[in-house]
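Novice: One letter stands for each residue in the lines below.
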Amino acid sequence: MNENMLMTIENLNVSYGDFQALYDVSMQFPKGAIVSIIGANGAGKSTLLNAVLGINKPHSGKVTFQGQDITGKRTSTIVSKGVSLSPEGSSVFEDMTVYENLVVGAFLPSARKKKKERMEYVYKLFPALKEKASQRATFLSGGQRQMLAIARALMSDPKLLICDEISLGLAPVVVGDIYNSILEVNEKMGLTIVLVEQEVKRSLDYSDISYVLVKGSVVMGGPSDELDEAAVKDAYFGINQFA
Amino acid sequence: MTHKHVLSSAYKLIGIKSGVIVAAIIALALLPLYGSAHAINVGILVFSYLALGQMWNLLAGYSGLVSLGHQAFIGIGAYTLAVVTVSYGGGFFMSFLISIVIAVLFSLVISFPIFKLSGVYFTIGTWIVSESVLMFFRNWRFVNFDAGMNITRAFRIPQENLYLGALALGIVSVALVYFILRSKMGLSLMAMRDNPAAAEVRGVHLYKTKLICFLIASTFITITGVLLYMNIAFVMPGPAFGIDWAVSMVFIVVIGGIGTIEGPIIGAAIYVFLRQFLFNFPGMSLIILGSIAVIVILVAPKGIMGAIHGKFGFELFSVRRKMED
Amino acid sequence: MKRRAILAAALCLVFALSLAACNGGSAPGGTPAGGGDAGGGDAAWTNGGVVPDREYILVGWAAPMSGPQSIFMMPTQWVVDMMLDHINNNLGGIEINGRRIPLRVVFADNESNPTTAMAAAERLVTNDRVDILLGTWTPVGTNTASAVAERHQIPTFVFGAPEESWLDGGPYEWAVGMNFNYYNLVRDLVNIWTRVDTNGRVGLVLDTTVDGTVGRDTVTGILDELGGFEVVDPGAFDAATPDFTGIISRLRDEDVQIIYADMNTPNASRFWSQLAEFDFIPRVVTINRGLHYAADVGRLEPNAVGLTYSALWDRNYPFSSSLLGESAYGIAARWEDDHGEHYPYSLGYDVALFDILYDVLTRAGTLERNAVMEAFLTTNIDTVFGNVTVNENRNMRVPALGTQWIEGDRWPLQKSIVSADTFPFVDTNLPIVIPQTTQ
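Chains as they are written, first to last, in numbering that gives the first Met the number 0: chain A, 0 to 242; chain B, 0 to 324; chain C, 0 to 438.
No lab work stands behind these hints, which were simulated from the structure alone. Think of the CB as a built atom: it goes at the ideal place given N, C-alpha and C, for glycine as much as any other residue. Do not take every clue at face value.
For lysine-lysine, the following DSSO-like pairs were computed, each having C-alpha atoms within a straight-line distance of at most 30 Å [claimed, not checked]: (1) B:K301 <-> A:K115; (2) B:K115 <-> A:K129; (3) A:K129 <-> A:K72.
If we take Cβ atoms under 7 Å as the criterion, some of the chain A residues that face chain B in the derived model are [claimed, not checked]: (4) Y22; (5) D23; (6) M26; (7) L52; (8) N55; (9) I69; (10) S75; (11) P86; (12) S90; (13) F92; (14) D94; (15) L167; (16) V199.
With beta-carbon atoms standing in for the labels, derived distance ranges [to be verified]: (17) C:P67 <-> A:S109: 54 to 62 Å; (18) A:A132 <-> B:I287: 41 to 49 Å; (19) A:K113 <-> B:K321: 15 to 23 Å; (20) A:A132 <-> B:Y206: 43 to 51 Å; (21) A:D68 <-> B:G18: 39 to 47 Å; (22) B:V119 <-> A:G141: 26 to 34 Å; (23) B:Y206 <-> A:S109: 54 to 62 Å; (24) C:E163 <-> B:Y87: 55 to 63 Å; (25) C:E54 <-> B:G289: 53 to 61 Å.
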């Protein structure tokens, strides 16, 4: 097992009844890297994340995290090992205050000890959240909600942060700010980050390694600076057109 | 600073609130000394129904488990009381203990199949469970089939004792829900209710959390069933396992305000007073209760307490987490 | 966290103490009868037995005014209006403490449901503070009111249930009943069969409800005692989804000449028409429980003439109301004149109630609870049920007789008493009509 790998996915197959959603997906997530997973709607990105987080059980294949097999483990177990997801569509707990959202972020016993410290950290990272701490999340702007979702994911002191579709429905300027914050987390804390995106250019620009997922299969993968944007777009759209 | 000022007045308010609550509990506990027999009688009903409503609130309002089958637990409590005291000559305390054991076992057993269902299927599933239990009791010779049992031992319980028992159940039900919500489990309940998918990826164990709430509510409703039948003193399967109980629980919670601790208190008081009033209008009770429910749902969809909270921001029992510092 | 734990512990303690208090309030010893001294205590929660300061006598009636049992209430308002008018206007009230004061009745609907029945009776006692509590029809009405009677130590009169079911909740100290005996009811139905010439083969058609099950035990017990009968039991059917075809062909194959059925009204009419479809109507068809009302029986297809049934009261009882001085027959005729339909049997109970109430209150001469109770227990009065007295079980046992539906003079069908062995006061030498038999 490669010491440098935080997480590896090997030959993962996931089916819903007769429908197979993932075909032999293999990916590698080196420690400290930013890895992007690029794919259109329905390419299997959410299925992949759910399988990694133990929400649905893979048919075959293996997910290894820090040298341990976590395939099909309980979500709470996987989260406590250090995998943390900022869900798609910046889904926050609308009726709860920003503060309460963050408290839920540190829900597991493993995270609760460091709650205060982490709270200070995310407030520093996203000062807007501190100002709105006692407001209900439903009153936040789109960008602030996204920040809250990421901050909440950071509350459990993860080793791997998965950000599902940060740019969805946000203004480019806002997305840029959030991406910069993520870069900061990666650089200063050495946190391994997975960006799950539809947008090709930004993903390649911000990540060290990229995988392109099309109809449940990895069609391209490798260091982001070696991947040609046009080729990725071709793969992405080309097959999409026949879909 | 104004910030500090706001905080200190908030603490003052909290102080006043707990003072009011303690004073109210003392006043209620002393009711037998100054209240009329009628007030005590109404009090028994209000607090018993409060306990039922609060537990249904925990299920439907906080755990998303909309059950129309918890009358099964009232019936189980009722028959435990009847069998323990009549068939075995046991006491009331023994009845309570045994009913708790049966309730926990029974809710564990039924939780396996019905927790596989969600949403409206869960609701129907619970109902089917309670109807099946009803059928079982109707055909059970040991409990005298459909003819029912006289809980003769309960005939001579002084009303004050029933009142104190009901009061304790009512207060404990409110306190129980309050403490659950303030606990770590409360946090997972609120997150689960708000956004189950997001809660799950934070490590909230949905199944376990729901199961614990289900166990607590079922057990408490069973205990309340024992107390209710110490008052009613005559148990028949149809009414003991009847859907009427579920309807009253839904009415109390919906009218008062679902997902609020104060809601069932208001709802139970309104329900019992209405029922008292409706004794003089035979055959009208369902029509009138139904119309009131419809009007409240149209005018204040979140119930009376939901409307008050929306308008004035007032809560007697706040389960909000305050920032620590 | 610590504070929270302490609070929780304190609440649990309060809870446990209150439950212990409940426990302490139970009847001493194992037997309910041991609670005798409970009645003597001056109970603060029942206003210490203090008679409310009122210029009238208030009777509270917890009754099934809605729900499936509301059919029993058909004659009630008519009887109450008539009786109160007679007592208060013609007789000038009832003499209490030397003054004649009027009698009033307040109702509370028990919705045919014991939960409501209990609350209704308690409301009458605690809120309306009635002088006498009434609880009526089936154990739902009688047993709940009797429990309230014992808890609040208030004179209570209950009627309209099988004596056996009511006594299951006894012995009572504050409740007095006017109930029929179920065994006698079935006994008189069996007596009808002995008067018809048959091969003695009895087919049972009973459902799985308690009535069906108790009915089987009772009727087979009586037949064993008598001897000469042979029981054919095809097994119980489900009342919700009855399928009589198998049962009827079995009875026909076994050459049954007496059918004893116990079922609800819809099943009774289905069963009766299916018998006709099978062209198998034996010499005796007795259907218990479901056919109390002429309206139901009148709808039966084919015509129900000859069908045997029980009666809990009948206008042919040769008795009169002591209060009205009018015969059972006359009162029923008046009801029929006013309503244009066959009288309901519950009429007799409602009329007898006022005969008894007037007599009891007059003899008591006070509203003091113990005195009223004493007067109830020494009742000896002529009613439309004949002379009633209280037996050792605190019950004024009233008859339940075997009757038969025959062609009527005023209505298409009317009842005729054909068996009264347990209350031999009426002429039962009337001919028994055999149904339009196929045998």
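Novice: For each hint, tell me whether it holds in the structure or not.
Specialist: Outcome of the hint check:
1. B:K301 <-> A:K115: Outside the cut-off at roughly 35 Å; violated.
2. B:K115 <-> A:K129: Outside the cut-off at roughly 40 Å; violated.
3. A:K129 <-> A:K72: 34 Å, violated
4. Y22: Since the shortest Cβ distance to chain B is 24 Å, the answer is violated.
5. D23: 25 Å, violated
6. M26: Result: violated, 19 Å to nearest chain B Cβ.
7. L52: 6 Å, holds
8. N55: Violated - the Cβ of N55 of chain A stays beyond 7 Å from chain B, reaching only about 11 Å at its closest.
9. I69: Status violated, d = 13 Å.
10. S75: 4 Å, holds
11. P86: 5 Å, holds
12. S90: 5 Å, holds
13. F92: 4 Å, holds
14. D94: 5 Å, holds
15. L167: Status violated, d = 15 Å.
16. V199: 26 Å, violated
17. C:P67 <-> A:S109: 54 to 62 Å: Since the Cβ atoms of P67 of chain C and S109 of chain A sit about 60 Å apart, the hinted range of 54 to 62 Å holds.
18. A:A132 <-> B:I287: 41 to 49 Å: Holds: the Cβ-Cβ distance is about 47 Å, inside 41 to 49 Å.
19. A:K113 <-> B:K321: 15 to 23 Å: Distance hint for K113 of chain A, K321 of chain B holds at roughly 20 Å.
20. A:A132 <-> B:Y206: 43 to 51 Å: Violated: the Cβ-Cβ distance is about 31 Å, outside 43 to 51 Å.
21. A:D68 <-> B:G18: 39 to 47 Å: The hint (39 to 47 Å, Cβ to Cβ) is violated, given that D68 of chain A and G18 of chain B are roughly 57 Å apart.
22. B:V119 <-> A:G141: 26 to 34 Å: 33 Å, holds
23. B:Y206 <-> A:S109: 54 to 62 Å: 20 Å, violated
24. C:E163 <-> B:Y87: 55 to 63 Å: At roughly 22 Å between Cβ atoms, Y87 of chain B and E163 of chain C fall outside 55 to 63 Å, so the hint is violated.
25. C:E54 <-> B:G289: 53 to 61 Å: 39 Å, violated
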